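Construct the entire structure; sequences and hints are all you get.
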Amino acid sequence: MATTLKRIILGVTGGVAAYKAAELARLLVKRGVEVQVVMTAAAGHFVGAATFQAITGRPVYADLWDARIANGMAHIDLARAADLVLVAPASADFLAKLAHGRADDLLSTLCLARDCPLLVAPAMNRQMWENPATRRNVDLLVDDDVELVGPAHGAQACGETGYGRMLEPEAILDAVDAYLQPKTLRGLNVLITAGPTYEAIDAVRGITNRSSGRMGYAVAKAAAGAGAKVTLVTGPTGLPLPAVAETVAVTSAQEMLAAVEARIDEADIFIGVAAVADYHVAEPAAHKIKKDADTLHLELLPNPDILARVSGRARPPFCVGFAAESENIEDYAEHKRKRKRLPLIVANDATQAIGSDEVELILLDDDGRQVLGKADKTTQAGRLVDHIARLYNARRP
Numbered sequence: 128m129a130t131t132l133k134r135i136i137l138g139v140t141g142g143v144a145a146y147k148a149a150e151l152a153r154l155l156v157k158r159g160v161e162v163q164v165v166m167t168a169a170a171g172h173f174v175g176a177a178t179f180q181a182i183t184g185r186p187v188y189a190d191l192w193d194a195r196i197a198n199g200m201a202h203i204d205l206a207r208a209a210d211l212v213l214v215a216p217a218s219a220d221f222l223a224k225l226a227h228g229r230a231d232d233l234l235s236t237l238c239l240a241r242d243c244p245l246l247v248a249p250a251m252n253r254q255m256w257e258n259p260a261t262r263r264n265v266d267l268l269v270d271d272d273v274e275l276v277g278p279a280h281g282a283q284a285c286g287e288t289g290y291g292r293m294l295e296p297e298a299i300l301d302a303v304d305a306y307l308q309p310k311t312l313r314g315l316n317v318l319i320t321a322g323p324t325y326e327a328i329d330a331v332r333g334i335t336n337r338s339s340g341r342m343g344y345a346v347a348k349a350a351a352g353a354g355a356k357v358t359l360v361t362g363p364t365g366l367p368l369p370a371v372a373e374t375v376a377v378t379s380a381q382e383m384l385a386a387v388e389a390r391i392d393e394a395d396i397f398i399g400v401a402a403v404a405d406y407h408v409a410e411p412a413a414h415k416i417k418k419d420a421d422t423l424h425l426e427l428l429p430n431p432d433i434l435a436r437v438s439g440r441a442r443p444p445f446c447v448g449f450a451a452e453s454e455n456i457e458d459y460a461e462h463k464r465k466r467k468r469l470p471l472i473v474a475n476d477a478t479q480a481i482g483s484d485e486v487e488l489i490l491l492d493d494d495g496r497q498v499l500g501k502a503d504k505t506t507q508a509g510r511l512v513d514h515i516a517r518l519y520n521a522r523r524p
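Counting along the sequence shown from 1, when you hit position 336 you're at 463 in my numbering, and nothing is skipped either side.
Hints were generated in silico from the structure; no laboratory data involved.
Dumping the calculated DSS-like pairs for lysine-lysine here, alpha-carbon to alpha-carbon at most 25 Å:
no., residue 1, residue 2
1, Lys463, Lys501
2, Lys356, Lys310
3, Lys133, Lys310
If you anchor each label on the Cβ, the simulated ranges turn out as follows:
no., residue 1, residue 2, range
4, Cys243, Glu297, 21 to 27 Å
5, Leu427, Val156, 47 to 53 Å
6, Arg263, Ile416, 53 to 59 Å
7, Glu297, Lys415, 33 to 39 Å
Bear in mind the structure is a predicted one, so any value in this text is a computation, not a measurement.
Just so it is clear, CB atoms sit at the ideal spot from N, CA and C, and this is done for glycine as well.
Here's what the structure looks like:
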């Protein structure tokens, strides 16, 4: 979380997702942020004020006329002290209040009286989210520079499935981080591949690698935070999906190639972080192969080189490659960069990077080399995206 964010008002409105706000408050406090919770009356039917007071160590406010504020101006005093107002969950009713400037309780009043950014994380039934009235209210809020975080698609408390589910607390924090970042990639479409691919041998076995996907996901978050519209094409990772414009789940290298080719025409920047398997089985078995022989012979065929396909286009996007090597790291990476005609390649030591959250990166481009000293992958992703933005923006007319 950006160090400039010291104090935040966490608004909680009525809805089943209110229980997630407690975890969100805990994560914010863990990051060293001073959290002041303001609840609506409806929120109290789902989670108690004592829960938030215990987590934040601060009194919880819900009443516009709360006597604990000496001058009777709770909405003014609380708003003045905040660097950010975050409403999570934000019900359909509360979105309507914000859109039309209604101020009939403490939370809606301080949102009007604030002098800081306002982010809202909607949470409601899918039909409420899709209702034309809600869509109009959302458009009004966007026009008023209110930032919407989510909602997500998924199972809902009503038993239905669709858009309207509040983002998970970790994803909301990612979105807050993204909101606070400099928008060096604003207005650009960035296509990113991440994770391993999996090539089937039979119905239960396959060829894959040890890539966790953490680096690719971190780059996707950082690019989104820099203002880009990010599409993430991801192999199987088991990681929580980042809050980006589009996520496409694939399994094999062929599926990843198809997903990339279907979207590459819209991309300004392509970042190939995925550890794509070099080979696939020529004829995978439909059923599990029985162990009835001492040896098993497989015919392997080369997989497509996705990065080379993209960089070799007549009008390629700005292409960034990754080179995970175990020896002669810079020599091999630079050879790969020149062979594929890449403006930038990111090299690292695969023996140290795989399975670790810390990594040293070496950036190789037309101007030479830059070493990003060992740091966690989130930090490295932010540094890398800053470097990409500088290179890309320098090439703009």
